[in-house]
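Number of protein chains: 2
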Amino acid sequence: MFGRNWDKKERILIGLMSGTSCDGIDAALVRINGSGADSAIKLEAFQELNFSSSVQKLIKECQGPEAGSNRKLTLLDSYIGELFAHAALALCKKAGIEPATVDLIGSHGQTLYHHPRIEKFPGFSVNGTLQVGNPALIAERTGITVVSDFRSRDMAVGGQGAPLAAYLDYVLYHNVSRSRLVLNIGGIANVTVLPSKADISGVWAFDTGPGNCLVDLAVSRISGGKKTYDRDGVMAMSGKTSQVMLKMLMEHPFLAVKPPKSADKDIFGAAFLDKITQALPPLNGADLISTLTEFTVKSIAVAIMEFALQRERCEEIIISGGGAHNPAIVEGLKTALPKLMLSPADAYSIPAKAKEAVLMAVLAHQSACGLSGNVPSATGARKGVVLGSITPGINFFADEEGDKDASS
Amino acid sequence: MFGRNWDKKERILIGLMSGTSCDGIDAALVRINGSGADSAIKLEAFQELNFSSSVQKLIKECQGPEAGSNRKLTLLDSYIGELFAHAALALCKKAGIEPATVDLIGSHGQTLYHHPRIEKFPGFSVNGTLQVGNPALIAERTGITVVSDFRSRDMAVGGQGAPLAAYLDYVLYHNVSRSRLVLNIGGIANVTVLPSKADISGVWAFDTGPGNCLVDLAVSRISGGKKTYDRDGVMAMSGKTSQVMLKMLMEHPFLAVKPPKSADKDIFGAAFLDKITQALPPLNGADLISTLTEFTVKSIAVAIMEFALQRERCEEIIISGGGAHNPAIVEGLKTALPKLMLSPADAYSIPAKAKEAVLMAVLAHQSACGLSGNVPSATGARKGVVLGSITPGINFFADEEGDKDASS
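Those protein sequences? They're chains A and B, same order as listed.
Residues in the first sequence are numbered consecutively from 285, following our numbering.
Residues in the second sequence are numbered consecutively from 285, following our numbering.
Calculated from the structure, these hints are not laboratory results.
Treat each hint with caution, since some may be false.
What the hints assert, rightly or not - Anything over 10 Å on all C-beta distances counts as not near chain B; from chain A, calculated:
#: 1; residue: C306
#: 2; residue: D361
#: 3; residue: L414
#: 4; residue: R462
#: 5; residue: P479
#: 6; residue: I484
#: 7; residue: K511
#: 8; residue: F538
#: 9; residue: M589
#: 10; residue: E590
Stated by the list, open to error - Derived CB-CB ranges, DEER-like:
#: 11; chain 1: A; residue 1: I402; chain 2: B; residue 2: A384; range: 23 to 33 Å
#: 12; chain 1: A; residue 1: N317; chain 2: B; residue 2: K341; range: 51 to 61 Å
#: 13; chain 1: A; residue 1: S336; chain 2: B; residue 2: R315; range: 44 to 54 Å
What the hints assert, rightly or not - Using 27 Å as the maximum straight-line C-alpha spacing, the simulated BS3-like pairs for lysine-lysine come out as follows:
#: 14; chain 1: A; residue 1: K404; chain 2: B; residue 2: K377
#: 15; chain 1: B; residue 1: K559; chain 2: A; residue 2: K356
#: 16; chain 1: B; residue 1: K667; chain 2: B; residue 2: K404
#: 17; chain 1: B; residue 1: K356; chain 2: A; residue 2: K344
#: 18; chain 1: B; residue 1: K582; chain 2: B; residue 2: K618
#: 19; chain 1: B; residue 1: K341; chain 2: A; residue 2: K404
#: 20; chain 1: A; residue 1: K341; chain 2: B; residue 2: K356
#: 21; chain 1: A; residue 1: K356; chain 2: B; residue 2: K344
#: 22; chain 1: B; residue 1: K356; chain 2: A; residue 2: K404
#: 23; chain 1: B; residue 1: K404; chain 2: A; residue 2: K344
Quick caveat, the model's predicted, so the values are computed rather than measured.
Beta carbons: idealized from backbone N, C-alpha and C, even for Gly.
Could you build the full structure based on these sequences and the hints that come with them?
Shown next as structure tokens:
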């Protein structure tokens, strides 16, 4: 399968990811030895290709339930495909390797919309997810076979299509003598629970609520678009939290839902922020950022205490994602969860910032091996399934010359 | 490749197609012997699963450049996926075969938008195409591996993503002693030119303009939605053509463009019809349908004379698609092109109504064999490419036991 040399001991893959915050494309070059839960995963190179503000604007205009039109979406799908292909080729150049030596690309694409809730239609009830970044363009421009659209198959078997990180968390961080939590703070924050005694079927995970999405949105508004995030938590730490607003924020219904659950960034978006800020006397910029940052911290801490620690005694949280670099969040979590040791993912084999891109490479590798990549106890799926669709590159149909030699 | 038994002599495939007119899903069960241009293709079973009027409405609301929203599109993508899966399973039942014996499904999906024109974006110029009918759902519900999204890869190498029918036209109708034209009258009409002396690289094709789309639209308006097409051309034949309106219709700029060219149904849609009818005194229903039918006939005839017969002396037109069953169109074409013999496709091995669904099975088969399915001289692509993305079914990763036995 997957053409020449797939059966070799070690494969080279590229993972491509663009998060809901639309910062840019993360590209990771990964070497994988073996398959399944016992894979050895080595990050060879990593690069972030930042989106220009005009590209960010293009994408943000197309996010959310009512955004988009066929024309915008169709062209954006192709355009993001070209950018993803460019990111893969730029990574090869940086790493000094020929694209032809790469076995496979795993591409998440750019999420425009995620709708895990089931809706009734005539004869069938459906949900769905929408990522752009046309794989035909990535495969054609790079010559490399692409696996993409990882979330749909999980949703086809009753899953929420998220979180997908649970699989990589298990492979990287499972420890037989110590139960761990893995916390990723991207646009949305999610937690993976890794019980020491469990194999992968015992892993579970859920979104806790907002990661950086609300803070990023407010920073962008306050700065008139000049800043996109609260660098080093400076604004948060210079302001004062409004307990009244925090209480109102904590009443968001998502927080009370029991896992498994996944959150679209949209439910913690502009409409929600408007509703809250308009219901209360205005805060100055720093106080608003401080309050929203505290909301992120508190919603994570409460979810961990109520949903994770009640079921599994853990001693350590491994923390990754953009929020792991925000001292206001990290210190807030230390205060809120004093009995847990907080370890940055950077202390482990894969730096936090590269994790999501590495995940895409690892999921593509699972699919190419015919192995499931979703963790049913995390997504709520009825079963493990081989994720994604495969778009052939030059190497996909190449003759398996090694095999021929061996049999002749 | 494609799991167990792909290397057997004969494979069973299902082709699934839903045209721009949104009538329903055509499903064809096909047996293919050999590969490439010398394939023997046998239609084993065919079934049309008509869309209910509520489903038609759902789809039509999402067609065209400005239609759609992320929410509508995402859910429709999944819903059409479920309907396509249902159509495949219903076909298996009708044919009395187990889905597990089907090697592959080729699924076109439902086109919502097709944008072959190149648009400038920062750093890259792109075009694109949008079909819904999520393949993850089709593969999961049927257990059969699916090839889908056939148009994107052709567009990635400079093609218009259409017409795709040229490949099947060559396989079915190429004749070494007689040059032929193949005319398909669906929503849009297209012509494939099959020179007797040429191999597949000498085949060319192009859209001529409206097929049934304008007539269907006008019939639906006149009947207040009660009728969707002019059955047997009755309305057209009871009316009188307005030469003034016909002259204005024939001035549509698409008609003057030289091939290769492909038309989105949208350019012969409501906006165009409104513009024409509002510029002239109103016609009664029958006269309007007569005039629009004559426009279809004349635009096809002129395109054949100007673009096809100028380059290749042909004696026969093989005619297929819904329009082939409209006597007003067929008789009109006989009058307009008196020197050509008109043969219904039904007289050949594949009935006209099954042709597009069979095409999807044949293109999927080409892709599974690692062979190109686009005809560059028809689509304008720079080269032939393996079309589509592959979504694994149960059979995709099955052990190739035959191979193991052979080598042991």
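Right, here's what the structure says about each hint:
In this structure A:C306 is separated from chain B by more than 10 Å, as the shortest Cβ-Cβ distance comes to about 14 Å. At roughly 6 Å, the least C-beta separation between A:D361 and chain B is not larger than 10 Å, which violates its mark as non-interface. Residue-level check failed: A:L414 sits 4 Å from the nearest beta carbon of chain B, not beyond 10 Å. Every CB of chain B lies more than 10 Å from the CB of A:R462, the least distance being 35 Å, so the non-interface label holds.
At the 10 Å boundary, the C-beta of A:P479 stays outside the reach of chain B, the nearest C-beta of that chain being 29 Å off. Under the 10 Å C-beta cut-off, the non-interface status given to A:I484 relative to chain B holds; the minimum distance is some 19 Å. Taking the minimum C-beta to C-beta distance to chain B, about 22 Å, the non-interface status of A:K511 holds against the 10 Å cut. Non-interface call for A:F538 relative to chain B: holds, since the shortest CB-CB distance, roughly 18 Å, exceeds 10 Å.
Listed as a non-interface residue, A:M589 keeps its Cβ farther than 10 Å from every Cβ of chain B; the least gap is roughly 34 Å. Look at A:E590: its CB is around 31 Å from the nearest CB on chain B, clear of 10 Å, so calling it non-interface holds up. Between A:I402 and B:A384, the C-beta spacing of about 28 Å keeps the proposed range 23 to 33 Å intact. At roughly 54 Å, the beta-carbon separation of A:N317 and B:K341 lies within the given 51 to 61 Å, and the hint holds.
Separated by about 52 Å at the C-beta atoms, A:S336 and B:R315 satisfy the suggested range of 44 to 54 Å. At roughly 26 Å between alpha-carbon atoms, A:K404 and B:K377 fall within 27 Å of each other, so this suggested pair holds. For the given pair, B:K559 sits about 25 Å from A:K356 by alpha-carbon distance, which is consistent with the 27 Å threshold. Between the alpha carbons of B:K667 and B:K404 the distance comes to roughly 23 Å, so the proposed pair stays at or under 27 Å and holds.
Of the supplied pair hints, the one linking B:K356 and A:K344 holds, its CA atoms being roughly 18 Å apart against a limit of 27 Å. Taking the CA atoms of B:K582 and B:K618, the gap is about 11 Å. The hint holds against a cut of 27 Å. A threshold of 27 Å between alpha carbons decides the hint, and for B:K341 with A:K404 the separation of about 16 Å falls inside it, so the pair holds. For the hint pairing A:K341 with B:K356, the CA-to-CA distance comes to about 22 Å; that is within 27 Å, so the pair holds.
Between the alpha carbons of A:K356 and B:K344 the distance comes to roughly 18 Å, so the proposed pair stays at or under 27 Å and holds. Restraint check: the Cα-Cα separation between B:K356 and A:K404 comes to about 13 Å, which is no more than 27 Å; the hinted pair holds. Taking the CA atoms of B:K404 and A:K344, the gap is about 18 Å. The hint holds against a cut of 27 Å.
Hint violations for this structure: numbers 2, 3, all remaining hints satisfied.
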